[in-house]
Each structure stands twice: as structure tokens, then as C-alpha cells.
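Q: This is what each chain is made of:
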Amino acid sequence: MSLDVYLNVAVAGVLTGLVYGLMALGLSVIFGVVRIVNFAHGEMMSIAMYIAVVLFSTLHLDPLIMLVPIAAVMFVFGYVLQAGLINPFITRPEHSQFLLVVALAIIIVNALLIIFGPDARTVQTSYAYDSFELGPIIIDASKLYAAAAAIVVTAALFGFFRFTLLGKAIRACADNYTGALVVGLNVKHLYALTFAIGAACVGAAGTMMTLITDVTPALGPGYTLLAFVIVITGGLGSMPGALVGGVLIGLTEAIAGVLFTPSAKSMFAFGILVLVLLFRPQGILGRRLT
Amino acid sequence: MKGVIAYLSDGRSRRAIVFLLALLAVLLIAPWFVGDYLLTVLIVIFYLAFTGQAWNIMMGFAGQLSLGHALYAGLGAYVTAALFTRYGVAPWVGLLAAAPIAALCGTFIGFLAFRFGVSGVYFAILTIAFAEFARIGFDHLTIVNASAGLFLPVAQYTHNDLWRLRGNPTMFYYVMLAATAFAFVLCSGLRRSRLGYFWLAIREDELAARATGIDTFRYKMYAIMISAAVMSFAGVFYAFFYNNLFPEQVFNITRSIEMILGPIIGGIGTLFGPILGAFVLTGLAESVTGAMAAFGFDLPGAKQIFYGICLLLVVVALPEGIWPWLARKLGVEERGE
Chain A
1 MSLDVYLNVA VAGVLTGLVY GLMALGLSVI FGVVRIVNFA HGEMMSIAMY
51 IAVVLFSTLH LDPLIMLVPI AAVMFVFGYV LQAGLINPFI TRPEHSQFLL
101 VVALAIIIVN ALLIIFGPDA RTVQTSYAYD SFELGPIIID ASKLYAAAAA
151 IVVTAALFGF FRFTLLGKAI RACADNYTGA LVVGLNVKHL YALTFAIGAA
201 CVGAAGTMMT LITDVTPALG PGYTLLAFVI VITGGLGSMP GALVGGVLIG
251 LTEAIAGVLF TPSAKSMFAF GILVLVLLFR PQGILGRRLT
Chain B
1 MKGVIAYLSD GRSRRAIVFL LALLAVLLIA PWFVGDYLLT VLIVIFYLAF
51 TGQAWNIMMG FAGQLSLGHA LYAGLGAYVT AALFTRYGVA PWVGLLAAAP
101 IAALCGTFIG FLAFRFGVSG VYFAILTIAF AEFARIGFDH LTIVNASAGL
151 FLPVAQYTHN DLWRLRGNPT MFYYVMLAAT AFAFVLCSGL RRSRLGYFWL
201 AIREDELAAR ATGIDTFRYK MYAIMISAAV MSFAGVFYAF FYNNLFPEQV
251 FNITRSIEMI LGPIIGGIGT LFGPILGAFV LTGLAESVTG AMAAFGFDLP
301 GAKQIFYGIC LLLVVVALPE GIWPWLARKL GVEERGE
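Chains as they are written, first to last, in our numbering: chain A, 1 to 290; chain B, 1 to 337.
Because the hints were derived from the structure by calculation, they are not lab data. From a predicted model like this one, the values you see are computed outputs, not experimental measurements. Backbone N, C-alpha and C define an ideal beta-carbon position, used for all residues, glycine too. Be aware that one or more of the hints could be misleading.
Unchecked claim - Calculated from the model, a selection of chain B residues having no Cβ within reach of chain A, i.e. all distances over 10 angstroms:
{"id": "1", "residue": "Ala16"}
{"id": "2", "residue": "Leu28"}
{"id": "3", "residue": "Leu39"}
{"id": "4", "residue": "Thr40"}
{"id": "5", "residue": "Leu67"}
{"id": "6", "residue": "Val154"}
{"id": "7", "residue": "Asp161"}
{"id": "8", "residue": "Tyr173"}
{"id": "9", "residue": "Leu200"}
{"id": "10", "residue": "Arg210"}
{"id": "11", "residue": "Arg218"}
{"id": "12", "residue": "Val288"}
{"id": "13", "residue": "Gly290"}
{"id": "14", "residue": "Phe295"}
As the list claims (entries may be wrong) - One side of the interface only, derived from the structure: several residues of chain B facing chain A at Cβ under 10 angstroms:
{"id": "15", "residue": "Met59"}
{"id": "16", "residue": "Leu112"}
{"id": "17", "residue": "Val121"}
{"id": "18", "residue": "Tyr122"}
{"id": "19", "residue": "Ile128"}
{"id": "20", "residue": "Phe130"}
{"id": "21", "residue": "Glu132"}
{"id": "22", "residue": "Phe133"}
{"id": "23", "residue": "Gly301"}
{"id": "24", "residue": "Phe306"}
{"id": "25", "residue": "Pro319"}
{"id": "26", "residue": "Ile322"}
{"id": "27", "residue": "Trp325"}
{"id": "28", "residue": "Leu326"}
Please build the complete structure, drawing on both the sequences and the hints.
A: Laid out in C-alpha cells, this is it:
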């Protein structure tokens, strides 16, 4: 195979990786602030993917247009989830919180299975087979749009956390829980808001993902794991780390898919996780664990 | 014999001993009274009770949350099944290879994680990652037929061959009952050993444990090794009872979740909790699927939703599990719980 093939695959991998990065960013935000390990993350992404697929197949609404509405729906879902179910658990032991979310994940996967059946569903947009040529590189239009949307959402999120008062308040909760309480922040509300933002991230990522791949109910746990691999690889609690990790994993999977067989590609993502834990346990952009 | 009884009964109320012996007696004669269906359900219950107890050593005693225990069962299953089908090695001999392999694998994972203080949910994710790694790896491993599955020869057996684990369900019932009893005795011994107390110290407060001079790394490694080795037998049983192995099923994360539901519902860290949890969960799940079948419903996934709701309810309402609560009612609490 010529170098062009690898170059093409690498570009496709990076674009997919950006969407992965947005998905993992949601997880990273939730963990960084609420300290809840959202083990239903991939499952929440499947919900968003199914919403996008159903809206497309019934009303012919393009996922690119539905990005914001679906993210908003997931935002509300996330807020209700945190305020209603998870907030009472924030003082419980870690494994207790974890099992709560695992239970939620099991229910989501199987509810989707009952509602939509086990078959793969897909979105066939008018630009599904379009592509741009850039010298020897052929870029898939859907992937490019998805990656561009992922970058825009990520940028918006960075801006929100850096420049708005609300974003600063949320970061204050993350830095010092007791301190945030002392200065009079409504921490429970901010937690719910944070979870909602994380859910909106994964909602946006899921909507974009329908442009790239099919959706089946069984995908949820795989995406959850992928998000964790990305977050740990990129560095816990580091927002740029999530993006870097996403791109790295996307690239690895794409290259592994060509060099070996596509069905074995996620093995290499796990391989990277093991390597990172061996040689740089704090992650690529993470701070050292104490 | 007297010594063994004295050792086992040490620290337990008379009532608890009577309760255990009565339960054992009922279970020993059960095959004469229950039909084929119920016998199979009981086998599944003991299988889950056994896996629950093996997992409980890690999570319940040493406080390390593993969500990838299907890995060790799967390794046990594949190693013994491959040795049996290829070279005719009896499963009990195969276990001598499978248990060390599972323990070695656990050692590797433990080494990776504990060396850097990876614990809690990150450890859990690492264990899932390894189980998934094995699932995809075995799916492409041609010497065990990859995704096409490994099958054990099946025939109508006129006599039970315990050595080669070929026989009728009644034999498997007794094998699994014995294994569950063995795991119970093992766990109860471990729990009251020096090692067991070190584990509890680590579970309660790892930093404090280290401050008192406990080599936490070493004892956490022991926990994962023992747990993995015990778990490998569950895989041996799985392989020889079901006679087919698919990586997609054996290493699936659903397997790992099923294993941990029993002890969580029964009571993490208790000795009898995993057994009680297996009874409660499987009993309820079978009733639900039975009732749904009777009404003509056939929904794939309904059983899993039921598991999910059970887990949710227990985590929300009874975070300690059923057994600690029930034991207080019956007056048979385990010492030091």
C-alpha cells in the first residue's frame, strides 16, 4: 500500500478522533467537577444518536441542524438525572455512586434494545458520499462537518469555563467544594448544571457520530469505555487532554484498522491505555498523581 | 474432623451453625425433589454464588472494585476446554494450568494498577479494559477457533464421569454445590486470617493501613491473585456445563456485571451475602421471565432491565445489601461486621 492510503486513513482517524474528543470532554467535565464517574456516558451518547436517527428518518431533519436541539434535550436529561438521582449520592462511597450509574447504563442499553431492536440504524444524508480533494488526500465531507462541529462546541465550552461567571463558579466547585459552599454557591444546582453540560457535550458528539457511523443499542458500553480510555490517556481533569486523547485514539484505531483488521481496532486503544498507565500514569497532559 | 468443625464454628453463634447445616442438608437432597428446570436454575444460582464469592475477595475484603472478572473465568474456561478438546486433558488437571494462568493475569493487572496507586473506579476501568482486550483478542485467536467458538463434544451420558466432568445435570449440581461450599469455607478462613484483617484495613483506609506498616501493594496483589485463581474454576465449570465457548459471550462485560450483582444485592464483604444474593437475584429474574413467557411476552433485554432496576433499588435503598439486614433480624450476624 502506498503512503497516500495511510495519509487518507490518518486524516479520517483524526477527524473521527475530534468527535471522540468531544464525547470524552463531557466525561472529563463531569468527573472534574462532580467527581462522579459517569459510567452511563456511552449509553447517553446512544440516546442522542437514536434521537438524531429517528428525527432524520421521520422528519428528514439533518443531524447538523439538530445538533443544538439534541444537545439541549440531553442537557435537560442530564440536569434531571443529577438533581434527582445522583445528587443524593455525592456523599456516598465511590463504589456506591459507580454502581448507581452502572445500573442506569444497563437500563438505558436494554430500553434502547427493546424500543429500537438490535439492528443497526443509519442516517443517509444527501452529502453522505461527498468528499473534498486536497492533493492526494480525499476528505470525507460528513467526517469533516462532524469534526468541525466538534471543534466549535469544544471552543464554546472552553470559552464558557474561562470567561463566564457561571463557568468560574463551576470551576470553583471543582477546586474546593467546601470553599464553594462557604462563599454561598448553590453547589447542588451547579453540580446538576455541570452534569447537564457534560450530557449536552455527549449529546452533540452523538449527533455528529451518526454522520460517521451506524448506531446499535449494543454500542453504548463500548463508547463508555472508549471515553474512559481517552480521558485517562489524555490526562484526568485536563480539558485539552480529552481532545488530544481523542485524536490519538481515533488515529490509532484508524491505522490499526488498515494494518490489521477493523474488528481488532479497539484492542489497540486498550493497548495505548496500558502503555500510558505503565509509562505516564498521569496521562499525556495530566498533572502528576500524588 | 472435630478440629475442622471447631475452626469453622469459631466466632459464630449456634444459631448460625444450625442454619447453615440445615440449608446444606436441604440442598444436598434437593435433586430428588426438584424437576429438571429447577435443578438447572439451582445450578445457575450456585454458579453465580461461586463467582460472587470469588469477586467478593477482591471487592468485599480488600476493597478493590473489579468489573472485569469475566476475564479470569474466561481464561479458566478456554485453557481447560482447549486442553480437553486437543489433548484430552481432564478438567481437574487443566485447572492446574488454568488457575495459575488466571492468577498470573491478575498479577499483571494488579502490578500495573497498584504500583501507581490506581484505585477505585480507575482500577475498575482498567479491569474492564483487560477483559475487553481479551474478548477482542480471543475473537481473533485461531487456535481456539476465534469467533466461531470452541465446542466440547456432547453426548447422552449413561454414567457420570466426574474426573472428566461429563455427565448429567445432577452431577453438575453437586459439583457446583461443593464448589460453593468450598468457596464459603475458603472465604471464611481468609476472612479470619491475618491476611483477611490486612485486607479489611486496606478496604477501610488504605493510607492508615500503610501507616501501620502493612505492605498494601503486596496484600492487594494477594487479593487479586487468589480471587482470579478461584474465579478460574467458575470458567472450567461454565465450559463443561454449557459445552460451548464464544469470546463474545464469555468475556462480555455483561458476564462481569452478572457476577457482581449477587454480592452487591446480598451484601458486599459479608460471607453469606453472595450466596443469598445469587438466590434472590436468579429467583426473581427467573420468576419475571417465567411470568412474561406465560403472558406471551418475549422481550430481549427485559431481564437485563430487571437486573438494572434491582441494582438501582438496592444501591438506593439498601446500600449494605440484604444479608446484614436479614442477619440482624435472624440474630446470626457475622462477627466483626
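Q: Less than 10 angstroms between beta-carbons is the criterion; does Phe306(B) satisfy it with respect to chain A?
A: Because about 9 angstroms separates Phe306(B) from the closest Cβ in chain A, which is inside the 10 angstroms limit, the hint holds.
Q: If you take the shortest Cβ to Cβ gap from Ile322(B) to chain A, is it below 10 angstroms?
A: 15 angstroms, violated
Q: The output says Leu67(B) does not contact chain A. Does that hold with a beta carbon cutoff of 10 angstroms?
A: Incorrect as stated: the minimum Cβ-Cβ distance to chain A is 8 angstroms, not above 10 angstroms.
Q: Does Phe130(B) meet its interface restraint, that is, does its C-beta lie within less than 10 angstroms of any C-beta in chain A?
A: 7 angstroms, holds
Q: For the restraint on Met59(B), tell me whether the closest CB of chain A is nearer than 10 angstroms.
A: 7 angstroms, holds
Q: Non-interface claim for Gly290(B): all C-beta distances to chain A beyond 10 angstroms?
A: 18 angstroms, holds
Q: Using 10 angstroms as the Cβ threshold, decide whether Tyr122(B) counts as touching chain A.
A: 7 angstroms, holds
Q: With a cut-off of 10 angstroms on the beta carbons, see whether Phe133(B) makes it to chain A.
A: Cβ of Phe133(B) sits 4 angstroms from chain A, so the hint holds.
Q: Hint Gly301(B) vs chain A: min CB-CB distance below 10 angstroms?
A: 4 angstroms, holds
Q: Please check whether the beta-carbon of Arg210(B) is more than 10 angstroms away from every beta-carbon in chain A.
A: 14 angstroms, holds
Q: Are all C-beta atoms of chain A more than 10 angstroms from that of Asp161(B)?
A: The claim holds: Asp161(B) sits with its nearest Cβ about 38 angstroms from chain A, beyond 10 angstroms.
Q: Less than 10 angstroms between beta-carbons is the criterion; does Ile128(B) satisfy it with respect to chain A?
A: The hint holds - Ile128(B) has a Cβ within 10 angstroms of chain A, the shortest such distance being about 6 angstroms.
In this structure, the hints that do not hold are numbers 5, 26, 27 and 28, in rising order.
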